[in-house]
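Novice: If you want the building blocks of each chain, they are given just below.
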Amino acid sequence: MHLIADHISHRFGALDVLDDVSFQVASGEVVAIVGPSGCGKSTLLSILGGLLRPTQGAAKLRGAPPADSLNPLTFVFQDFALLPWCSVEENVAFPLEHVAMSQGERRAIIDDALRRTGLVDFRGAWPKQLSGGMRQRVGIARALAVRPAILLMDEPLSALDSQTRELLMEDFVRLLADGAMGAVYVTHNLEEAVRLADRIVVLSRRPGRVRETVTIPMTRGERGAVDARGKLFSLQNDLWSLIREEAIDAEREVLHA
Amino acid sequence: MPSARFFMLERPAQDTRSDASEAPRPVAFRGEGFTPRAGRHSGWIALAAVIALWQLADSAGWINPLFLPPPSAIAMAMWKLATSGALWQHVYWSVMRIGSGWIIGTIAGIIVGFAIGLSTLARSVGITFISALFPIPKIALLPLLILWLGIGEEPKIATIALGVFFSTAISVYSGVDAVPRNLIRMAQSFNVPFHAIVRRVIWPGALPSILAGFRITASVALLLVVSAEMIGAQWGIGAFVLQAGNLMQTDQLLAGVVILSLFGLAVGKLINMLEARLLHWR
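Sequences listed follow chains A and B, in order.
Start counting the first sequence at 482; every next residue gets the next number (this note's numbering).
Start counting the second sequence at 20; every next residue gets the next number (this note's numbering).
Everything labelled a hint here was simulated from the structure, so no lab data went into it.
Honestly, I wouldn't trust all of these hints.
Unchecked claim - A few chain A residues that face chain B, going by a derived Cβ cut-off under 10 angstroms, partial list only:
#1 SER527
#2 TRP566
#3 SER568
#4 TRP607
We put the beta carbon where it would ideally sit given N, CA and C, even for glycine.
Just chain A, same shape as in the assembly:
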């Protein structure tokens, strides 16, 4: 299943946020979206996931999702969006509550999602008892439970400390390793983008336009090697030089707003 951003433009009142953004996410592909603050990255993700109607253009799908996918386009949120009145297990089970399936099948899916995210021992815990990293793991387990074709990740690590970010990044690499799931990964962190993405879509400052699309010339497996670090760092610097001037302009714009 391919996800297509087809000439998407969006405006909030008098504010143009996105301008004619087009790209595709192929099956199993990870596409990162980077750009200066306020360039419309999260807005674009909401449009791609059907949570926001674009002013112009459309988010489209081509091809059928995997037969067992219960929610082909599934979000992982920056602020985790866990139900505080539900335990870890209930949060993971939440998207399955309205899906017709046997109790045994539901139990198996939940157990599998908890196991894949290392949450088996925390199934009875409440969100308030968990660290930020563990909360995001619950968000990921909930997403995995519906077997998505494409994960829509909105700065999923930005609310976490650097060590937790590193650990979760390793989890993402592992979860996306087999190519069964694609992802759109919105981030302002270029290191995350080059570690995880197959392609990086660089947006300009507001209104966000596709300024450049950068393909990472390595598999995710290769990127873990020590000798790949220099190359990744160089890529990161290239990306930063693309964004830097506009990031400065965007920051000034925010400060003067």
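With chain A fixed as given, assemble chain B onto it according to the hints.
Specialist: Relative to chain A, chain B alone:
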């Protein structure tokens, strides 16, 4: 030569010197206060002290018992009322009126509050009506309600229900508005149906505000039942307090006031228990 920009950061050398022979002194603590805590027993001790002082003032003849009877006289009046059975009659009628009015007002308030919280049409119409009618003292409508509903229990119950309804509706739609939008978006992103979002996301999310509203509406109901019973009832704590006042039986009057206070405390305790049970996740 320092640049003009960093000039303020320059310090004379002697300001940063420290004498190695000088004994280190502790940093002064400046974080005192602004963290009040309720003592576990101090409130009850203070209450007991006030009652003892009150009793002492009466025994010493500092207070005229007709104007302020001693706590012992009030306790005796309550005992007599309880043993004669009159207390239970009065309490029964008040509880029946409060219970009926509160339940009707609460159910209606929850329905209307949710409608305002979830529907554009209901919000446009409902908020205007509630803003216009909420400030009216509901007891002022009792004569009109008597005219409409007769002189039985209905107008008293309707007065309480009206008072409860507006506060409940406001706390419910405020609670619905306060449910984090990201949770609703999350549920929508998983294609959770509307009714399930209301039941599993909005209802529990609005519950803290709804229960806080219950605390207010319990007080409103108590206030209105006493007022309504003072205007037109033979039985009920309000009627009893009024009769005692008319006969200058101040011990009985204050016995009625103590019963109202105990009733308020019991309702508060009940709501605390509800909160502990339903909002344990906070």
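Novice: Holds or violated: the hint that SER568(A) contacts chain B, with Cβ atoms closer than 10 angstroms.
Specialist: Holds - the Cβ of SER568(A) comes within 10 angstroms of chain B, reaching about 9 angstroms at its closest.
Novice: Does the CB of TRP607(A) sit less than 10 angstroms away from some CB of chain B?
Specialist: holds, 6 angstroms
Novice: Let's test the interface hint: is any C-beta of chain B closer than 10 angstroms to that of SER527(A)?
Specialist: Interface hint status for SER527(A): holds (8 angstroms vs cutoff 10 angstroms).
Novice: If you take the shortest Cβ to Cβ gap from TRP566(A) to chain B, is it below 10 angstroms?
Specialist: With a minimum Cβ separation of about 4 angstroms from chain B (threshold 10 angstroms), the hint on TRP566(A) holds.
When each numbered hint is compared with the structure, no violation occurs for any of them.
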